[in-house]
Amino acid sequence: SQTIHQWPATLVQPVGSPLSLECTVEGTSNPNLYWYRQAAGRGLQLLFYSVGIGQISSEVPQNLSASRPQDRQFILSSKKLLLSDSGFYLCAWSVWEHFGDTEAFFGQGTRLTVV
Amino acid sequence: SQQGEEDPQALSIQEGENATMNCSYKTSINNLQWYRQNSGRGLVHLILIRSNEREKHSGRLRVTLDTSKKSSSLLITASRAADTASYFCATEGNAGGTSYGKLTFGQGTILTVHP
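Chains A and B supply the protein sequences, listed in that same order.
Each residue of the first sequence is one higher than the last, beginning at 1 in the numbering used here.
Each residue of the second sequence is one higher than the last, beginning at 1001 in the numbering used here.
Looking at chain B on its own, in the form it has when it is part of the complex (with noise of 0.2 Å):
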């Protein structure tokens, strides 16, 4: 099933500009992992938040994670034209017993950077 809800559905903006992205889920997770899509592609892995987390950071990508209100959110700054794709958060849930990496998916945001 999926989980996941994200918002917006879809975003458009200029290039330089900030881009955020929110994910909310419904049950207890052993971490959320934020993934991009190319059209057409498969899916790359972006970054990982474990559930005692609260922020992370890679290179232009800022994730945070609020467990108490089961959602996240992905910022991406200083946005160029090649960041143009579908983002998607993914859960890892923590249903009592080894979850073997199986992931809910959420429906994406299509994100379109304007150059």
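If we strip away everything but chain A, and leave its shape as in the complex, we get (with noise of 0.2 Å):
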């Protein structure tokens, strides 16, 4: 069975400090892979996707990068944080079988303070 795997679970940093959150995928092969940011109370906001190794697409300008350094892995980064970088930062991953079907699979997120 597929299990995808996230951590850490909490994280807190100082500003200026560099980030680097971790995802695994097990159990699928070429998967897609993605990063959401949750604010409090909010719904998510997708950051990166991906549709293959190498291959990283940003859905909004910010602070962060990504980087898929292998099938099933991807990498959340910056290089200094800001205060607005903190939040629950969740991955997730999906194949598309068919038109109309994908569902995505989440990590258990990782909560980020920047203090």
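Simulated from the structure, these hints should not be mistaken for laboratory data.
Watch out, some of these pointers could steer you wrong.
[Unchecked claim] Quick list of in silico lysine to aspartate or glutamate cross-link-like pairs, DMTMM-like style, CA-CA up to 25 Å: (1) B/Lys1056 <-> B/Asp1066; (2) B/Lys1056 <-> A/Asp85; (3) B/Lys1069 <-> B/Asp1007; (4) B/Lys1069 <-> B/Glu1055; (5) B/Lys1056 <-> A/Glu103; (6) A/Lys80 <-> A/Glu22; (7) B/Lys1070 <-> B/Glu1055; (8) B/Lys1102 <-> A/Glu26; (9) B/Lys1026 <-> B/Glu1005; (10) B/Lys1069 <-> A/Asp101; (11) B/Lys1056 <-> B/Asp1007; (12) B/Lys1026 <-> B/Asp1007; (13) B/Lys1056 <-> B/Glu1005; (14) A/Lys80 <-> A/Glu59; (15) B/Lys1026 <-> A/Glu103; (16) B/Lys1070 <-> A/Glu103; (17) B/Lys1069 <-> A/Glu103; (18) B/Lys1102 <-> A/Asp71; (19) B/Lys1102 <-> B/Glu1005; (20) B/Lys1026 <-> A/Asp101; (21) B/Lys1102 <-> B/Glu1053; (22) A/Lys79 <-> A/Glu59; (23) B/Lys1056 <-> B/Glu1015; (24) B/Lys1026 <-> B/Asp1083; (25) B/Lys1070 <-> B/Glu1015; (26) B/Lys1056 <-> A/Glu59; (27) B/Lys1070 <-> A/Glu26; (28) B/Lys1070 <-> A/Glu59; (29) B/Lys1026 <-> B/Glu1015; (30) B/Lys1102 <-> B/Asp1066; (31) B/Lys1026 <-> A/Glu59; (32) B/Lys1069 <-> B/Glu1053; (33) B/Lys1026 <-> B/Glu1055; (34) B/Lys1102 <-> B/Glu1055; (35) B/Lys1102 <-> A/Glu103; (36) B/Lys1102 <-> A/Glu22; (37) B/Lys1070 <-> B/Asp1007; (38) B/Lys1070 <-> A/Asp85; (39) B/Lys1056 <-> B/Glu1017; (40) B/Lys1102 <-> A/Asp101.
No experiment lies behind these values; they were computed from the predicted model shown.
Each chain sits in its own coordinate frame; assemble them with the hints.
Have a look at this one:
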């Protein structure tokens, strides 16, 4: 069965420090991978998605970047964190199988607090 | 961008009652999905309804979709205390070409079921 691992679960980082969040997927090949951010009490906003190794698309301008060094590994990074980067970050995967039938599977999220 | 609007923002009911949540969206879609999020956790996929479907059932869940009104509703029948969570609708757009499974989320409805 497919599983998704995301770590760490919580992170407190000072302003200006670097960031690296990692997500790995097991049990599937060539998944589409996504990073979403959720502000407190709000819906999710898509930050990045990837349809293959080395292929990254950014949905919103921001202080963050993403990379996909391996088929089932997705990394969210920042060189210098801002206070506004605080939030709940969720990694997700999907596999497009049939038109109109793409559900997403989410990791447990990382609660990032920038202080 | 957040194209989904959900109402109510919060819903408080007693066990055994039905809970109805509504979602509106703005653009044409491939499908509409509903997800559940327990506090501080990742999202869990509940049900997907395609753009050419009008109603779908899964256990105690019933979803309707009205593409002419760009709206959907989620009904949870005979609610239980364990149904307490946030519920989000999400749409997979159909703006021409492949959507790559990208989802646009609503702001969510916080459901509290009292025992």
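Take a quick look at whether B/Lys1069 and A/Asp101 sit within 25 Å of each other, Cα to Cα. With a Cα-Cα distance of about 21 Å, the restraint between B/Lys1069 and A/Asp101 holds, given a limit of 25 Å.
Hinted pair B/Lys1102 and A/Glu26, Cα distance within 25 Å: 20 Å, holds
For B/Lys1070 and A/Asp85, compute the direct alpha-carbon distance and say whether it is at most 25 Å. Status violated; Cα separation ~32 Å.
Under the criterion that the straight-line Cα-Cα distance not exceed 25 Å, is the pair B/Lys1102, A/Asp101 satisfied? With Cα atoms ~12 Å apart, B/Lys1102 and A/Asp101 stay inside 25 Å; holds.
Holds or violated: B/Lys1102 with A/Asp71, Cα cutoff 25 Å? Answer holds: B/Lys1102 to A/Asp71 is near 18 Å, not above 25 Å.
Run the distance test for A/Lys80 versus A/Glu22: straight-line Cα separation, threshold 25 Å. 17 Å, holds
Is the Cα-Cα distance between B/Lys1026 and A/Glu59 25 Å or less? 18 Å, holds
Are the Cα positions of B/Lys1069 and B/Glu1053 separated by 25 Å at most? Judged against 25 Å, a Cα distance of about 14 Å means the pair holds.
Between B/Lys1070 and A/Glu103, is the straight-line Cα distance small enough, at 25 Å or below? 20 Å, holds
Holds or violated: B/Lys1102 and A/Glu22, Cα atoms, limit 25 Å. 20 Å, holds
Satisfaction of hint between B/Glu1017 and B/Lys1056, Cα-Cα up to 25 Å: With a Cα-Cα distance of about 20 Å, the restraint between B/Lys1056 and B/Glu1017 holds, given a limit of 25 Å.
Given the hint that B/Lys1026 pairs with A/Glu103, test it: the Cα-Cα distance must not exceed 25 Å. 20 Å, holds
Checked against the numbered hints given earlier, this structure breaks hints 2, 24, 25, 26, 27, 29, 38; the rest are met.
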